[in-house]
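Given only the sequences and the hints, what does the whole structure look like? Please build it.
Protein sequence lines, in the order shown, are assigned to chains A and D. Remember, this note's numbering sits 2 above the position in the first sequence when you count from 1. Remember, this note's numbering sits 2 above the position in the second sequence when you count from 1.
These are computed hints drawn from the structure, not numbers from a lab. Treat the hints loosely; a few may be bogus.
To be verified - If we take Cβ atoms under 7 Å as the criterion, some of the chain D residues that face chain A in the derived model are:
1) Arg122
2) Thr123
3) Phe127
4) Gly128
5) Ser153
6) Arg156
7) Phe160
8) Ala204
9) Gly224
10) Glu225
11) Ala232
12) Val233
13) Ile237
14) Thr243
Glycine included, C-beta positions come from ideal geometry on N, C-alpha and C.
There are 2 protein chains.
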Amino acid sequence: MLSKTQVKYIQSLFHKKFRDEHGRFIVEGPKMVSEALLHAPKDIEQIYALSSWITEMNVSTIPITEVPAFEMEKISSLSTASPALAILRKPVQQRPASVNGITLVLDTIQDPGNLGTIIRTAEWFGVQQIICSEGTADCYNPKVIQSTMGSIFRMPVFYEDIMEWVGQCKDIPVLATSLDGEPMKPGRPGRDLVVVIGNESAGIRPALQAMATQRWLIPRHGEAESLNAAVATGIMLYALTT
Amino acid sequence: MLSKTQVKYIQSLFHKKFRDEHGRFIVEGPKMVSEALLHAPKDIEQIYALSSWITEMNVSTIPITEVPAFEMEKISSLSTASPALAILRKPVQQRPASVNGITLVLDTIQDPGNLGTIIRTAEWFGVQQIICSEGTADCYNPKVIQSTMGSIFRMPVFYEDIMEWVGQCKDIPVLATSLDGEPMKPGRPGRDLVVVIGNESAGIRPALQAMATQRWLIPRHGEAESLNAAVATGIMLYALTT
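As structure tokens, this is what we get:
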């Protein structure tokens with residue numbers, strides 16, 4: 003049995019305020035807990051799981067608490083309660099590295115599903131690192147973690163003053179998607195690149211647009227007003243890496 | 003004041019069973035209701051809205067019921083209750099047209115957000131029509147409608163036995179995305195094309211894979227296991243239309 007205090011503590015980690023306060027975050031679902039065991043075993047502080055999961059996984063190096071199904075339902079944020087939930091220590095925030103390949107800069111991506119999908123897509127295309135504006139969703143939000151499908155454990159994500167960060171990227175091409183940019187052409191303007199993706203409805207803030215060395219429009223053939231931010235990211239990265 | 007029966011009726015339309023039974027669906031949110039007024043005014047049966055929305059929009063041709071904020075909260079499915087909600091008649095289901103340009107075939111896309119984003123992306127790239135397998139999410143699901151950002155009113159979507167439908171597409175190239183396909187190359191194998199997108203985790207069913215004339219892998223440069231279905235659709239359509 004979990005104590006009331008334990009349940010309350012776990013539930014608190016679904017909120018950014020308490021994740022920041024405790025320096026912990028939650029990973030749920032058999033696939034994501036397996037990814038954590040594989041890629042971030044040292045960051046796992048504690049696992050709560052059904053006895054069936056414990057028997058099947060046979061993990062010996064990490065503290066595991068057996069929890070009955072009705073209690074997993076209490077602590078899970080998923081619509082179908084997960085058989086396992088892990089509490090992880092948040093990695094100590096480092097500073098971004100110098101650009102070496104493609105760095106993705108996100109200006110206020112607010113939807114957690116979009117952010118998770120962007121992190122997953124960035125990993126597929128071999129992006130070096132992602133730098134998020136402070137208004138971007140928290141990458142330790144459970145919905146973000148879920149949508150990354152494990153890429154959260156492999157893709158470096160930073161939160162920075164993006165105006166300042168982009169400002170110090172001298173001599174590196176800065177590409178921005180923009181509905182009033184030039185139609186995108188295949189080809190890559192340099193080995194090292196910064197690619198900026200804008201907010202779901204407002205796009206990239208004008209001061210940051212102004213810092214872009216190239217503004218690209220993904221060619222449009224129909225009536226739709228805009229593309230989803232994660233879809234636009236995928237198309238940009240495909241075009242740049244092909 | 004709405005009667006209990008009215009509230010119950012509106013809430014019932016959040017479920018496919020009742021949408022099918024009543025032949026109606028719901029459109030919520032100022033942007034989406036505006037899109038409905040612009041692109042499908044004849045299908046709107048009734049609008050429920052706050053007095054502020056009614057004054058601002060000044061719609062005279064459609065029955066509107068003024069509803070106080072606390073009642074909008076009852077009938078809205080959005081986390082922040084919408085100022086307006088419309089009930090629309092579902093269009094009579096037609097049969098798909100012969101392929102003329104790109105037809106998208108969806109094999110069991112289950113996530114409503116993915117389906118909506120795919121419909122929006124398809125419209126951006128000028129896709130002719132979308133044909134969904136019976137296991138695909140209902141395109142009149144409120145989350146699908148929301149994610150289409152209005153494309154639901156302009157993109158023809160059909161539900162068919164996709165095995166049978168693809169089977170009768172003689173002499174038309176059928177492209178499938180596949181993790182064991184050939185790396186995708188720019189270029190379009192024909193003016194008229196069928197592009198198949200598979201389920202989020204299981205991919206395209208083997209019998210349908212076998213009917214594909216070409217199987218393409220989106221080039222991968224990192225560790226991620228797979229791409230989100232909507233992102234993969236966007237990249238395929240970009241590559242085919244560029």
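Restraint satisfaction for Glu225 of chain D [CB to CB of chain A, less than 7 Å]: Interface hint status for Glu225 of chain D: holds (6 Å vs cutoff 7 Å).
query: Under the criterion of a CB-CB separation shorter than 7 Å, is Val233 of chain D in contact with chain A as hinted?
result: 4 Å, holds
Per-residue hint verdict: Ile237 of chain D, partner chain A, C-beta under 7 Å: 5 Å, holds
- prompt: Against chain A, with CB atoms and a cut of 7 Å, does the hint on Gly224 of chain D hold up?
  reply: Result: holds, 4 Å to nearest chain A Cβ.
query: Would the hint on Thr123 of chain D stand, with a C-beta cut-off of 7 Å toward chain A?
result: 5 Å, holds
- prompt: If you take the shortest Cβ to Cβ gap from Ala204 of chain D to chain A, is it below 7 Å?
  reply: 14 Å, violated
Supplied contact hint for Ser153 of chain D, tested at 7 Å Cβ to chain A: Holds, about 5 Å.
message: Hint validation: Gly128 of chain D versus chain A, beta carbon distance must be below 7 Å. Holds or violated?
response: The hint holds - Gly128 of chain D has a Cβ within 7 Å of chain A, the shortest such distance being about 3 Å.
Interface hint compliance - Thr243 of chain D to chain A, C-beta minimum distance less than 7 Å: 6 Å, holds
- prompt: Does Phe127 of chain D pass the interface hint, meaning its C-beta sits closer than 7 Å to a C-beta of chain A?
  reply: Given a least distance of 5 Å, the restraint on Phe127 of chain D holds.
Closest C-beta approach of Arg122 of chain D to chain A relative to 7 Å, hint status: 5 Å, holds
Interface hint compliance - Ala232 of chain D to chain A, C-beta minimum distance less than 7 Å: 6 Å, holds
Checked against the numbered hints above, the structure breaks hints 7, 8 and satisfies the rest.
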